[in-house]
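Now for the letters of each chain:
Protein chains: 4
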Amino acid sequence: MPGNSFGQAFRFTTWGESHGPAIGCVIDGVPPRIALAEPDIQHWLDRRRPGQSRFTTQRKEPDTVRIVSGVFEGETTGTPLALAIDNVDQRSKDYGDIKDKFRPGHADYTYWAKYGIRDYRGGGRSSARETAMRVAAGAVARKVLDRLLPAPVTIRGALVQMGPHRIARKRWDWDAIEHNPFWCPDPQAAQTWETFLDGVRKAGSSTGAVIEVVAQGVPAGLGEPVYDKLDADLAKAMMSINAVKAVEIGAGIEAAKLSGEQNADEMRMAGKRIRFLSNRAGGILGGLSTGQDVVVRFAVKPTSSILTARKTVDRFGADTEISTKGRHDPCVGIRAVPVGEAMMAIVLADHLLRHRAQCG
Amino acid sequence: MPGNSFGQAFRFTTWGESHGPAIGCVIDGVPPRIALAEPDIQHWLDRRRPGQSRFTTQRKEPDTVRIVSGVFEGETTGTPLALAIDNVDQRSKDYGDIKDKFRPGHADYTYWAKYGIRDYRGGGRSSARETAMRVAAGAVARKVLDRLLPAPVTIRGALVQMGPHRIARKRWDWDAIEHNPFWCPDPQAAQTWETFLDGVRKAGSSTGAVIEVVAQGVPAGLGEPVYDKLDADLAKAMMSINAVKAVEIGAGIEAAKLSGEQNADEMRMAGKRIRFLSNRAGGILGGLSTGQDVVVRFAVKPTSSILTARKTVDRFGADTEISTKGRHDPCVGIRAVPVGEAMMAIVLADHLLRHRAQCG
Amino acid sequence: MPGNSFGQAFRFTTWGESHGPAIGCVIDGVPPRIALAEPDIQHWLDRRRPGQSRFTTQRKEPDTVRIVSGVFEGETTGTPLALAIDNVDQRSKDYGDIKDKFRPGHADYTYWAKYGIRDYRGGGRSSARETAMRVAAGAVARKVLDRLLPAPVTIRGALVQMGPHRIARKRWDWDAIEHNPFWCPDPQAAQTWETFLDGVRKAGSSTGAVIEVVAQGVPAGLGEPVYDKLDADLAKAMMSINAVKAVEIGAGIEAAKLSGEQNADEMRMAGKRIRFLSNRAGGILGGLSTGQDVVVRFAVKPTSSILTARKTVDRFGADTEISTKGRHDPCVGIRAVPVGEAMMAIVLADHLLRHRAQCG
Amino acid sequence: MPGNSFGQAFRFTTWGESHGPAIGCVIDGVPPRIALAEPDIQHWLDRRRPGQSRFTTQRKEPDTVRIVSGVFEGETTGTPLALAIDNVDQRSKDYGDIKDKFRPGHADYTYWAKYGIRDYRGGGRSSARETAMRVAAGAVARKVLDRLLPAPVTIRGALVQMGPHRIARKRWDWDAIEHNPFWCPDPQAAQTWETFLDGVRKAGSSTGAVIEVVAQGVPAGLGEPVYDKLDADLAKAMMSINAVKAVEIGAGIEAAKLSGEQNADEMRMAGKRIRFLSNRAGGILGGLSTGQDVVVRFAVKPTSSILTARKTVDRFGADTEISTKGRHDPCVGIRAVPVGEAMMAIVLADHLLRHRAQCG
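Protein sequences appear in the order of chains A, B, C and D. Residue numbers for the first sequence follow my numbering, beginning at 73 and rising by one. Residue numbers for the second sequence follow my numbering, beginning at 73 and rising by one. Residue numbers for the third sequence follow my numbering, beginning at 73 and rising by one. Residue numbers for the fourth sequence follow my numbering, beginning at 73 and rising by one.
Think of the hints as simulated: they come from the structure by calculation, not from any bench. Quick caveat, the model's predicted, so the values are computed rather than measured. Some clues are possibly wrong.
If you anchor each label on the Cβ, the simulated ranges turn out as follows [stated by the list, open to error]:
id : chain 1 : residue 1 : chain 2 : residue 2 : range
1  : B       : E145      : D       : G343      : 54 to 62 Å
2  : B       : P111      : A       : A240      : 50 to 58 Å
3  : B       : P224      : A       : D245      : 50 to 58 Å
4  : A       : E250      : C       : R340      : 58 to 66 Å
5  : B       : E145      : D       : W244      : 39 to 47 Å
Okay, derived cross-link-like pairs now, BS3-like style, lysine-lysine, Cα gap no bigger than 30 Å in a straight line [what the hints assert, rightly or not]:
id : chain 1 : residue 1 : chain 2 : residue 2
6  : B       : K383      : B       : K397
7  : A       : K215      : D       : K171
8  : D       : K242      : C       : K344
9  : B       : K274      : B       : K344
10 : D       : K344      : D       : K171
11 : B       : K344      : B       : K215
12 : B       : K274      : A       : K344
13 : A       : K383      : B       : K242
14 : A       : K383      : B       : K171
15 : C       : K383      : B       : K171
16 : A       : K171      : A       : K132
17 : D       : K242      : D       : K397
18 : D       : K132      : C       : K383
19 : C       : K344      : D       : K344
20 : D       : K383      : C       : K397
21 : D       : K344      : C       : K171
22 : D       : K274      : C       : K344
23 : D       : K274      : C       : K383
24 : C       : K397      : B       : K215
25 : A       : K344      : B       : K344
Every residue, glycine too, gets a C-beta built ideally from N, C-alpha and C.
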């Protein structure tokens with residue numbers, strides 16, 4: 073009933089706060105005899121790590137992961153996998169301002185309203201630091217998919233919009249995402265964004281973004297109707313990421329504008345396999361995967377930590393103002409890309425295991 | 073692990089197919105001593121009932137609900153509430169075409185891929201008929217909220233976009249929604265939609281829509297970080313409704329375009345209460361309710377059942393075509409409005425009970 | 073979080089009260105394409121049905137089961153299976169005494185203490201009538217085991233003790249259990265019991281009993297350490313049956329008296345299979361099945377509904393007395409035999425599906 | 073669906089193996105603002121610690137617990153509590169024998185049958201070392217009960233039988249349990265046991281035991297019928313402890329011998345409170361607490377690690393023999409006493425939180 077776990081068959085639980093000694097997770101349900109070592113996980117953590125360009129928070133965290141249980145002689149044993157990362161850069165600072173004031177757009181007020189206590193250091197549990205463990209669990213989920221499926225599933229994410237600036241889909245190039253600091257698949261858009269984001273950064277402001285995650289090679293039939301549909305669980309997974317305000321599958325919000333003729337993806341046989349002539353559905357029909365690419369997009373709001381003073385109140389019930397000092401993250405959406413990929417991998421692994429239970 | 077239940081503390085499980093003898097649900101966790109009788113539920117079912125205008129499917133279902141257990145002498149007892157509705161209008165017809173062919177945009181192919189068997193009569197379990205039980209459970213959830221909260225929560229839904237036509241927010245009038253067949257809060261838009269939808273209907277086509285559901289009076293602090301955030305569960309709830317392709321909270325997808333200054337809802341004291349100067353967050357911060365209106369939107373795709381023939385394949389692996397005969401639903405989004413309201417009520421009731429467990 | 077469901081992968085939820093219109097259950101997670109019809113379930117219900125001898129309650133219930141959803145053209149579809157049984161013999165009577173007084177040894181007081189309301193008619197939800205749905209679900213679980221396992225699992229129960237009278241294990245004969253009204257495997261003991269129970273019955277008294285359930289053919293490796301061990305779930309399953317006060321696995325309580333030498337079941341190869349030289353473990357080691365017979369025993373207390381007046385209190389806080397009139401059940405343990413078998417089948421089916429999720 | 077978690081509202085998940093770097097747990101659902109520091113947990117761990125007398129294993133573990141998250145400024149925050157204990161005395165040794173041979177009475181064979189891999193070092197995950205985290209979680213559960221209940225709950229365990237030797241109930245003295253190495257409440261029995269167990273120990277043999285755990289001060293109405301009854305969850309909790317083979321509530325297995333007159337605990341008013349004239353029910357009726365003492369007993373089998381060689385097989389399918397060298401634990405039941413207490417506290421805390429959700 074408490075909420076710090078995700079998944080049912082591939083079930084992970086995270087713990088830890090931004091400025092505690094460490095963060096970690098337990099993953100229960102991992103199939104046995106999968107080769108797994110720390111570098112398998114570290115690889116994905118390194119992609120998410122903050123401070124790799126001037127466009128993300130300057131917190132310096134090596135994010136070195138340790139496997140503390142569940143692996144023996146290089147293979148998973150089927151018992152719980154425990155992972156931990158020590159917090160290193162909990163910069164000693166004066167929290168005086170944040171301690172008593174509720175930052176607008178942050179979880180400060182709501183945690184206080186719910187629990188009557190909050191760990192205000194760096195946002196405590198509500199910090200995006202928690203997402204490091206999602207990336208770690210996502211790395212394990214990828215291993216599970218690799219091991220259990222006959223053909224590999226490829227899961228990739230990209231930033232497709234920054235503030236008002238969208239990519240051009242005709243220029244989409246997956247190779248490009250590794251060559252700019254934004255995971256942008258459109259090299260031309262990446263240049264526009266660099267200028268735009270430098271402006272935002274220098275103004276001490278911030279901007280929102282849209283991320284798209286695509287999974288190729290997902291077999292047909294994954295998902296559990298009617299409440300644990302694949303799209304329902306993806307929506308929950310993505311919406312649970314810090315600062316996300318919208319989730320779309322396939323045509324998404326634009327589906328509202330379509331006619332029935334436009335929307336229904338027609339089918340044809342291609343040898344013995346079914347081929348769809350379009351993918352407005354985003355690879356999911358009736359909550360089950362179709363075998364096409366599974367396509368999810370989500371919108372991330374701009375962080376509310378900005379240099380401009382904003383009106384707020386304090387915990388004593390007085391009007392006041394607050395502005396953010398120190399580290400600054402002009403577009404938190406950038407670091408959400410590997411997190412979205414991880415959540416896709418986790419949802420797919422969970423549904424693959426669940427499918428095996430009922431349908432073999 | 074199977075997927076036909078929703079909620080954890082207010083937990084309901086639905087059963088039944090479109091053309092089986094009945095549909096029903098079990099709701100477990102309802103607090104005791106709440107006055108409840110069938111008319112309390114029937115009221116909300118009547119609002120969802122098909123065939124009430126020329127713009128929804130002409131299936132004639134009285135949808136008469138029976139309370140089969142869990143109520144004694146007019147009050148809930150704390151034991152499981154079982155509800156059932158007999159199916160009446162399972163029009164006898166020749167299913168020959170649907171039996172072997174997969175309708176594009178429907179769950180026909182994916183159910184077959186998952187289970188190797190499907191009840192093709194009226195869509196079987198994947199039919200929107202299942203949503204009647206969501207509305208019934210939603211009626212019970214409203215009773216729970218009324219009983220447990222000091223002040224009433226008002227949950228209302230409206231259609232805010234039909235095909236390409238949006239309402240004007242400045243003309244929003246909640247009273248208007250009862251006076252047109254679309255739950256449209258903008259009387260002027262309702263007129264436009266009537267003409268538009270008549271055209272769609274006569275062409276044998278269909279159109280998508282966007283629904284907005286607003287809950288007023290939700291106390292601050294509901295939600296269970298970090299995976300069962302209130303917005304994450306709302307996203308799952310709405311995405312689990314048939315044909316939904318996108319879910320937004322507050323500013324939603326538009327949040328991507330905002331600056332940090334625009335996005336952070338400032339706060340001021342209003343007497344002893346906190347007042348927010350805007351509600352871009354849609355009433356949720358860090359996954360917890362803020363005390364503001366909780367605002368959710370979701371997009372419904374056009375139904376794929378249209379008169380125009382579409383390319384498809386059959387279960388023997390041959391290319392073919394299919395078009396829908398008989399009943400026709402030009403905008404399934406209309407009937408999704410009461411369903412969205414119900415899911416909002418259910419998520420709130422579930423989180424209210426969960427909150428009580430941990431935080432008293 | 074509420075408690076009317078059991079199992080995780082084979083998950084069933086029951087509803088209904090002793091004197092409501094019907095009782096029923098929903099079983100979610102049943103694998104698709106299993107042949108299933110009402111007689112498959114009715115067969116097992118008929119074995120549990122009350123009123124078949126003078127030694128069980130004289131309530132006359134035909135217990136005719138209906139499959140309301142989840143089966144199409146004679147096979148399970150993978151969607152929820154809903155079962156219902158109408159209550160027929162809710163004998164109209166004056167509940168005056170039970171309405172206000174708490175029967176000692178019954179759930180009257182505790183339901184009232186928990187919920188502040190109780191359906192006093194025939195015990196409401198706390199009645200053993202609920203166990204009919206366990207037997208129905210157990211019948212489905214047997215079908216699942218038959219379908220998924222390479223060799224059949226045989227699940228049988230017997231009464232091994234009535235009051236102070238135990239069977240002689242050397243005379244154990246499974247065929248005998250069908251030829252006496254007690255499910256007694258020892259024909260000689262059955263004769264003793266008949267005399268004993270006639271005395272108890274005529275005295276308006278009641279007696280306890282011990283039931284043993286044995287599953288043959290369970291494959292090795294079922295169970296989910298360390299909290300959902302096979303024996304832990306069996307203990308929960310059996311203890312959840314009305315009036316059960318103890319659960320034993322294998323040597324059970326006698327294990328306390330053994331030495332390590334006696335207790336450890338030695339192993340030898342028998343061809344390519346492992347053969348155990350004894351089965352003190354009851355077929356479970358470390359919470360996982362060993363491939364031997366799974367052996368569970370449970371003790372049922374005598375029903376507290378007796379003709380002798382007993383001291384009690386009423387809901388107004390006054391001392392009073394109560395005695396039971398009308399139907400009388402001198403040894404409720406008899407009817408617990410098919411229920412115990414059913415719970416064994418359910419636990420095994422659930423763990424088989426769970427095992428498939430993780431271990432394929 | 074995997075099995076390494078227990079509880080629903082007070083939910084804990086353990087990880088770690090006997091000879092891994094550490095063991096730990098995550099407890100989710102702990103109410104906020106409960107004062108908690110490491111000594112509160114260490115106190116209970118110290119009672120369970122091995123090597124405190126010649127009658128328990130000589131493994132030397134300081135079992136120093138660290139709180140890694142979920143506490144801020146000395147109080148719980150409502151976010152996950154993470155606890156960890158480093159393994160210190162993983163004595164370096166040659167595992168050659170255990171590596172390939174399956175020890176009779178141990179989980180060696182069944183883990184191998186289930187997972188196809190096993191961490192054979194000290195039993196890996198199946199080791200009783202895992203129970204240290206149960207004791208730690210139990211310490212937190214006690215804090216929750218203290219904070220939320222108006223009057224304190226006292227939870228105490230005792231060894232009531234060692235091998236064939238039972239205590240005399242008339243000599244029961246709770247104070248005595250701290251003054252002998254067996255948690256024996258009967259000083260006279262403790263002397264008998266000392267002689268008996270020295271004999272067992274010197275013979276390199278082992279013996280079973282029975283533990284009784286009593287909770288005083290539990291309010292009436294805790295438990296969730298009909299599957300998560302308080303006694304059903306207690307049965308599961310105790311049966312999940314290593315080596316447990318039987319669980320009894322109240323009169324337990326002896327209830328089978330009673331008559332209805334003997335079994336029904338009569339009631340009388342004592343001022344405004346209900347007083348029961350006996351407690352055969354063990355404080356639970358219909359799966360709900362009565363307000364009396366909750367009384368649970370469980371039987372622990374003798375450890376199978378003995379000096380005498382026993383017949384077994386190896387993983388290559390050959391007949392062989394095995395005997396245990398090194399550390400020896402003549403009566404593992406002794407160390408199960410604090411574990412049983414902890415599980416009682418955990419079940420009660422879980423059910424208290426669950427009760428609050430539905431019944432306020």
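For each hint, the structure was consulted:
no. : hint                           : verdict
1   : B:E145 with D:G343: 54 to 62 Å : violated, 30 Å
2   : B:P111 with A:A240: 50 to 58 Å : holds, 57 Å
3   : B:P224 with A:D245: 50 to 58 Å : holds, 54 Å
4   : A:E250 with C:R340: 58 to 66 Å : holds, 59 Å
5   : B:E145 with D:W244: 39 to 47 Å : holds, 46 Å
6   : B:K383 with B:K397             : holds, 16 Å
7   : A:K215 with D:K171             : holds, 27 Å
8   : D:K242 with C:K344             : violated, 54 Å
9   : B:K274 with B:K344             : violated, 57 Å
10  : D:K344 with D:K171             : violated, 63 Å
11  : B:K344 with B:K215             : holds, 29 Å
12  : B:K274 with A:K344             : violated, 38 Å
13  : A:K383 with B:K242             : holds, 26 Å
14  : A:K383 with B:K171             : violated, 62 Å
15  : C:K383 with B:K171             : violated, 66 Å
16  : A:K171 with A:K132             : holds, 23 Å
17  : D:K242 with D:K397             : violated, 40 Å
18  : D:K132 with C:K383             : violated, 55 Å
19  : C:K344 with D:K344             : violated, 68 Å
20  : D:K383 with C:K397             : violated, 59 Å
21  : D:K344 with C:K171             : holds, 20 Å
22  : D:K274 with C:K344             : violated, 38 Å
23  : D:K274 with C:K383             : violated, 54 Å
24  : C:K397 with B:K215             : violated, 39 Å
25  : A:K344 with B:K344             : violated, 68 Å
Against the hints set out earlier in the document, violations occur for numbers 1, 8, 9, 10, 12, 14, 15, 17, 18, 19, 20, 22, 23, 24, 25.
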